[in-house]
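Chains S and D supply the protein sequences, listed in that same order.
Under our numbering, think of the first position of the first sequence as 38, with each following residue one higher.
Under our numbering, think of the first position of the second sequence as 7, with each following residue one higher.
Simulated from the structure, these hints should not be mistaken for lab results.
There could be a bad hint or two in this list.
Stated by the list, open to error - Below are the BS3-like pairs computed for lysine-lysine, each with C-alpha atoms no more than 27 Å apart in a straight line:
| id | chain 1 | residue 1 | chain 2 | residue 2 |
| --- | --- | --- | --- | --- |
| 1 | D | K142 | S | K89 |
| 2 | S | K50 | D | K210 |
| 3 | D | K303 | D | K229 |
| 4 | D | K210 | D | K303 |
| 5 | D | K119 | S | K297 |
Said to hold, decoys possible - Derived list of chain D stretches under chain S, where covered just means 3 residues or more per stretch with a C-beta under 8 Å from a C-beta of chain S:
| id | segment |
| --- | --- |
| 6 | 96-107 |
| 7 | 243-255 |
From the three backbone atoms N, C-alpha and C, an ideal C-beta is built for every residue, glycine too.
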Amino acid sequence: MPSKWNFGTIGLKIATVLGFLFIHIPIFIIIMYAFSTDEKTFQFPLPGFTLKWFGVAWERNDIWEAIILSSQVATVSTVMAIILGTLACLAVYRSKFFGREVISFLVILPIALPGIVTGISLRSAMSLFGIPFSTWTIVIAHATFCIVTVYNNVLARLRRSSHSMVEASMDLGANPWQTFRFVILPNIATALLAGGMLSFALSFDEVIVTTFTAGQQSTVPIWMLTEFIRPRQRPVTNVVAVFVILVTTLPILVAYYLTKEDEGGKK
Amino acid sequence: MTTTFDKFFTFLFYRKGLAIFLLLAPLLIWLGVVYLGSLFTLLIQSFFSIDSFSGVIKREFTLESYYDLFRQSTNWDIIIRTTTMAFTVTLVSAIIAFPIAYYMAMYAGPKLKPVLYLGVMLPLWSSYLVKVYSWKLIMAKEGILTWFLEELGLLHVLDVVLSLPVIGGTSLSFSYIGMFLVFVYIWLPYMILPIQASLERIPKSLLEASSDLGGGPAQTFRKVVLPLAFPGVVAGSIFTFSLTLGDYIIPTIIGNSSYFIGMAVYTHQGTAGNIPLAAAFSVIPIIIMMVYLMIAKRLGAFDAL
Numbered sequence: 038m039p040s041k042w043n044f045g046t047i048g049l050k051i052a053t054v055l056g057f058l059f060i061h062i063p064i065f066i067i068i069m070y071a072f073s074t075d076e077k078t079f080q081f082p083l084p085g086f087t088l089k090w091f092g093v094a095w096e097r098n099d100i101w102e103a104i105i106l107s108s109q110v111a112t113v114s115t116v117m118a119i120i121l122g123t124l125a126c127l128a129v130y131r132s133k134f135f136g137r138e139v140i141s142f143l144v145i146l147p148i149a150l151p152g153i154v155t156g157i158s159l160r161s162a163m164s165l166f167g168i169p170f171s172t173w174t175i176v177i178a179h180a181t182f183c184i185v186t187v188y189n190n191v192l193a194r195l196r197r198s199s200h201s202m203v204e205a206s207m208d209l210g211a212n213p214w215q216t217f218r219f220v221i222l223p224n225i226a227t228a229l230l231a232g233g234m235l236s237f238a239l240s241f242d243e244v245i246v247t248t249f250t251a252g253q254q255s256t257v258p259i260w261m262l263t264e265f266i267r268p269r270q271r272p273v274t275n276v277v278a279v280f281v282i283l284v285t286t287l288p289i290l291v292a293y294y295l296t297k298e299d300e301g302g303k304k
Numbered sequence: 007m008t009t010t011f012d013k014f015f016t017f018l019f020y021r022k023g024l025a026i027f028l029l030l031a032p033l034l035i036w037l038g039v040v041y042l043g044s045l046f047t048l049l050i051q052s053f054f055s056i057d058s059f060s061g062v063i064k065r066e067f068t069l070e071s072y073y074d075l076f077r078q079s080t081n082w083d084i085i086i087r088t089t090t091m092a093f094t095v096t097l098v099s100a101i102i103a104f105p106i107a108y109y110m111a112m113y114a115g116p117k118l119k120p121v122l123y124l125g126v127m128l129p130l131w132s133s134y135l136v137k138v139y140s141w142k143l144i145m146a147k148e149g150i151l152t153w154f155l156e157e158l159g160l161l162h163v164l165d166v167v168l169s170l171p172v173i174g175g176t177s178l179s180f181s182y183i184g185m186f187l188v189f190v191y192i193w194l195p196y197m198i199l200p201i202q203a204s205l206e207r208i209p210k211s212l213l214e215a216s217s218d219l220g221g222g223p224a225q226t227f228r229k230v231v232l233p234l235a236f237p238g239v240v241a242g243s244i245f246t247f248s249l250t251l252g253d254y255i256i257p258t259i260i261g262n263s264s265y266f267i268g269m270a271v272y273t274h275q276g277t278a279g280n281i282p283l284a285a286a287f288s289v290i291p292i293i294i295m296m297v298y299l300m301i302a303k304r305l306g307a308f309d310a311l
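Take the sequences, apply the hints, and build the full model.
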């Protein structure tokens with residue numbers, strides 16, 4: 038670009054740096070607090086550093102129960118989202134029938150509408166039909182809003198991969214199942230994994246819809262919410278917060294690297 | 007086993023319509039029955055009523071819940087409060103996000119670009135609840151922000167801000183300002199990414215053409231860049247607006263305990279057990295969002311998603 042486009046570049050740089058500090062610093066602060074010796078307040082500067090709270094958190098059964106429940110819910114929801122999302126993508130990507138936009142809209146609706154709407158809808162339906170709250174009611178809710186991540190990732194990959202490979206495979210005598218198994222599936226594998234990772238992270242962290250569809254059980258976010266409102270041991274909550282940051286951000290990094298070649302291929 | 011399997015697939019392959027139907031059926035059944043079905047039951051339940059003595063829900067068509075909803079001025083306050091907050095958060099997010107997105111799209115080199123992209127993605131995906139909580143720590147009276155302002159000798163500025171009517175409070179974590187700050191913080195990445203995407207799509211040749219035709223930088227920005235990036239801003243605003251409208255965690259954890267739509271819905275269905283009123287209440291954000299999405303579609307936001 039000609040140099041006269043550089044008007045205000047310094048201002049833009051400052052705005053960007055400040056913006057990035059704004060969105061990153063709070064995350065570092067929470068990590069820092071997990072090592073604080075201060076038990077009661079949110080005192081700053083921290084009086085001292087300790088690893089003690091990690092040990093205390095490790096011993097707590099209620100935390101383990103929440104982690105196990107969250108992992109179960111996230112795993113089952115992700116598997117369901119992968120099955121439902123991928124099948125639909127296979128139907129949709131080559132055809133231009135009327136329903137395609139309807140399906141994209143339908144898939145995005147559970148996250149486009151405010152979470153409170155999704156939550157209260159599912160809850161009111163469950164109570165109307167007398168469905169008791171259980172791990173399954175949480176799974177049903179989570180799978181509903183997880184489909185979109187799988188669907189979008191896989192559909193994007195299918196659109197970018199060339200159809201001639203499928204045709205070549207058929208010409209060379211492979212039957213449709215073999216073509217799916219040996220041509221299409223390897224092609225979409227990383228997109229599936231990326232979509233699955235995002236879906237897992239989404240489910241592991243969801244709180245609004247979960248508060249409406251869970252009974253007495255707590256997932257990790259529900260456990261945390263209870264602790265925020267009625268704190269028992271604040272430092273332990275900070276430790277769990279660090280754990281949750283790891284569980285939700287690591288899949289994102291993996292998903293990013295898995296779909297990176299996609300982005301490159303686009304240009 | 008494989009042969010029957012193979013045969014089944016081959017059978018389907020030659021019946022395109024049937025194959026497409028079978029592939030789509032699970033998703034359509036799921037979203038159609040579970041999701042749309044639930045939305046529909048919600049709508050129906052909003053026309054039921056609750057017996058004020060027994061607390062039993064009467065399954066007869068009535069507009070009682072809507073009457074209840076609109077009769078009380080406190081409910082109007084809740085709706086106006088929530089919508090105003092959503093609108094302000096959206097506006098300020100757009101103003102903060104635009105220069106960041108602009109830098110990412112127009113100036114960042116090929117090495118910096120993915121780093122910045124990831125830098126926006128990670129906070130977007132890292133735990134929502136943890137991020138809200140971290141602001142509780144930051145804004146607490148004895149917390150890091152107070153310390154920071156004290157070091158700078160600016161503590162009196164905070165006192166002035168907190169003494170402002172309506173938006174002030176006893177401490178930042180118990181005020182609308184604090185809540186607003188957290189909303190902007192949490193949804194900002196949702197605004198940056200669509201704007202960045204729409205800016206990326208502007209062909210550089212258009213900028214050069216504008217310059218060749220004698221347009222100055224400011225003129226080019228106003229007449230070329232801004233109109234082309236606007237659908238991205240609208241797309242981002244769908245997220246910030248909708249998410250603020252439906253959130254009840256942030257007003258619960260931060261703020262002066264005045265009600266927002268989400269909290270009202272939660273309380274009515276939970277402690278009060280009044281599902282019809284909760285349902286009627288949650289129809290409000292649905293209608294607001296529908297109007298919003300219609301306007302957004304007119305402004306071309308869906309092409310920018």
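Quick rundown of the hints versus the structure:
1. D:K142 - S:K89: holds, 23 Å
2. S:K50 - D:K210: Since the Cα atoms of K50 of chain S and K210 of chain D sit roughly 20 Å apart, the hinted pair holds (cutoff 27 Å).
3. D:K303 - D:K229: Answer holds: K303 of chain D to K229 of chain D is near 21 Å, not above 27 Å.
4. D:K210 - D:K303: holds, 26 Å
5. D:K119 - S:K297: holds, 13 Å
6. 96-107: Holds, because 4 residues of the segment 96-107 of chain D bring their Cβ atoms closer than 8 Å to Cβ atoms of chain S.
7. 243-255: holds (count 8)
In summary, the structure agrees with every hint in the numbered list given earlier.
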